[in-house]
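Peer 1: If you want the building blocks of each chain, they are given just below.
There are 2 protein chains.
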Amino acid sequence: MTTAQERLAESVRRLIDVTIRTEVDDAAVAAVTEKIDSATAQLSDSLVPGSFGVRTGPDGQSIALGNVVIGLRNPVAPPLTIRHDADGTVHTEFTLGAAYEGPPGHVHGGVCALILDHVLGATAHLPGKPAVTGTLTLRYLRGTPLGRPLRASAHVDRIEGAKTFAVGHIAGPDGVTVTAEGVFIHPKGGQRDG
Amino acid sequence: MTTAQERLAESVRRLIDVTIRTEVDDAAVAAVTEKIDSATAQLSDSLVPGSFGVRTGPDGQSIALGNVVIGLRNPVAPPLTIRHDADGTVHTEFTLGAAYEGPPGHVHGGVCALILDHVLGATAHLPGKPAVTGTLTLRYLRGTPLGRPLRASAHVDRIEGAKTFAVGHIAGPDGVTVTAEGVFIHPKGGQRDG
Numbered sequence: 001m002t003t004a005q006e007r008l009a010e011s012v013r014r015l016i017d018v019t020i021r022t023e024v025d026d027a028a029v030a031a032v033t034e035k036i037d038s039a040t041a042q043l044s045d046s047l048v049p050g051s052f053g054v055r056t057g058p059d060g061q062s063i064a065l066g067n068v069v070i071g072l073r074n075p076v077a078p079p080l081t082i083r084h085d086a087d088g089t090v091h092t093e094f095t096l097g098a099a100y101e102g103p104p105g106h107v108h109g110g111v112c113a114l115i116l117d118h119v120l121g122a123t124a125h126l127p128g129k130p131a132v133t134g135t136l137t138l139r140y141l142r143g144t145p146l147g148r149p150l151r152a153s154a155h156v157d158r159i160e161g162a163k164t165f166a167v168g169h170i171a172g173p174d175g176v177t178v179t180a181e182g183v184f185i186h187p188k189g190g191q192r193d194g
Numbered sequence: 001m002t003t004a005q006e007r008l009a010e011s012v013r014r015l016i017d018v019t020i021r022t023e024v025d026d027a028a029v030a031a032v033t034e035k036i037d038s039a040t041a042q043l044s045d046s047l048v049p050g051s052f053g054v055r056t057g058p059d060g061q062s063i064a065l066g067n068v069v070i071g072l073r074n075p076v077a078p079p080l081t082i083r084h085d086a087d088g089t090v091h092t093e094f095t096l097g098a099a100y101e102g103p104p105g106h107v108h109g110g111v112c113a114l115i116l117d118h119v120l121g122a123t124a125h126l127p128g129k130p131a132v133t134g135t136l137t138l139r140y141l142r143g144t145p146l147g148r149p150l151r152a153s154a155h156v157d158r159i160e161g162a163k164t165f166a167v168g169h170i171a172g173p174d175g176v177t178v179t180a181e182g183v184f185i186h187p188k189g190g191q192r193d194g
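Quick mapping for you: the protein sequence lines, in order, are chains A and B.
Using full-length UniProt numbering, the letters of the first sequence correspond one by one to residues 1 to 194.
Using full-length UniProt numbering, the letters of the second sequence correspond one by one to residues 1 to 194.
So that you can see chain A by itself, here it is in the shape it has in the complex (with noise of 0.2 Å):
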């Protein structure tokens, strides 16, 4: 079930998109920035400190609702929905529009980064055993185009002790556009996600 709390962060999401594309004159843009301020102050009323963190949910189970790649609450994730297959490789299939610019009509090199980072840790975390990223390596093919449907995908190559070695790629409709490998290690105390 999708929340109040959802359903706003969609609608920023909208927000964001023709805040970026928008071509109305000054006197629009300058009457909707009131409006905005009125909205950030009314959400305001009450807040929780710093950022939002991980909480358990009711069924036990912690949840990232403010995660920048996967938060349903955070109007900049886009959110992408994590995947894991019964063979162990996790997948997500997404499309990005204005609001991940780098290169004219392409998706940022460092957002396709921040996605692969995600994507191949989650090839490590285990129930209630985050992963951190030790290093991950980047080659970019071809670019990524934006409003296109796109593909991450990632698997386990091999575990050493604490460290976890992921592959994975970014994939669009010309194929693979970047792949990462990746070093995941479980720290002790096991704090972090993502």
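Simulated from the structure, these hints should not be mistaken for lab results.
Backbone N, C-alpha and C define an ideal beta-carbon position, used for all residues, glycine too.
Check each hint, because a few of them may be wrong.
To be verified - Quick look at which bits of chain B chain A covers, simulated, 3 or more residues with Cβ under 8 Å:
# : segment
1 : 6-17
2 : 39-46
3 : 70-84
4 : 93-106
5 : 112-119
6 : 129-135
Said to hold, decoys possible - Partner residues are not named here, just some residues of chain A that face chain B (Cβ under 8 Å, in silico):
#  : residue
7  : S11
8  : G50
9  : N67
10 : V68
11 : G97
12 : T135
With chain A fixed as given, assemble chain B onto it according to the hints.
Peer 2: Below, chain B without anything else, positioned relative to chain A:
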């Protein structure tokens, strides 16, 4: 001078932050969502198709107002101000909030990658001759804190033909958090930026 469109983006950045952190009740959240939807409709009266792209300013310089890292019109961008020092070093100082969270209280490792991709790439940019990322390798030394002053910097290690080899890092109050090295390429025709 800050334009009306840039002020709108600043306003939406504040909205993003409180959208994640608000604890007002569901009815208040729903009322704000309606207000945001109406703002989005107003801005949608006239839109550029697709994404912002890179446009040429009055001074002939290209301006990437929609860029996800530096774009003053993009609410997802922190936005970073990239400074080119006399010795060829590039640096930027910034603080990241709730919107960029990965591990609780920390910047997502992939956001560090996004920033380092851009900052290292900036060492290779020449007027009218942007560079694209070939490869990027990141080493994560410790968590990067949210809400604390951060500094990213990079310099050119060497140039071989069309390839620029750059190195850099992000540092926080407790020292360097992530190091990076990358190879950036000037494509023939020089189309891309970021």
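Peer 1: Against this structure, judge whether each hint is valid.
Peer 2: Here is how each hint holds up against the structure:
1. 6-17: As far as the segment 6-17 of chain B goes, the hint holds, because 8 residues have Cβ atoms under 8 Å from chain A.
2. 39-46: This one holds; 7 residues, not fewer than the three required, reach chain A with a Cβ under 8 Å.
3. 70-84: Coverage by chain A holds for the segment 70-84 of chain B (5 residues, Cβ < 8 Å).
4. 93-106: Result for this restraint: holds, n = 10.
5. 112-119: holds (count 6)
6. 129-135: holds (count 5)
7. S11: Holds. Min distance 4 Å.
8. G50: Holds - the Cβ of G50(A) comes within 8 Å of chain B, reaching about 6 Å at its closest.
9. N67: 6 Å, holds
10. V68: With a minimum Cβ separation of about 5 Å from chain B (threshold 8 Å), the hint on V68(A) holds.
11. G97: Holds. Min distance 7 Å.
12. T135: 5 Å, holds
The structure agrees with every numbered hint stated previously.
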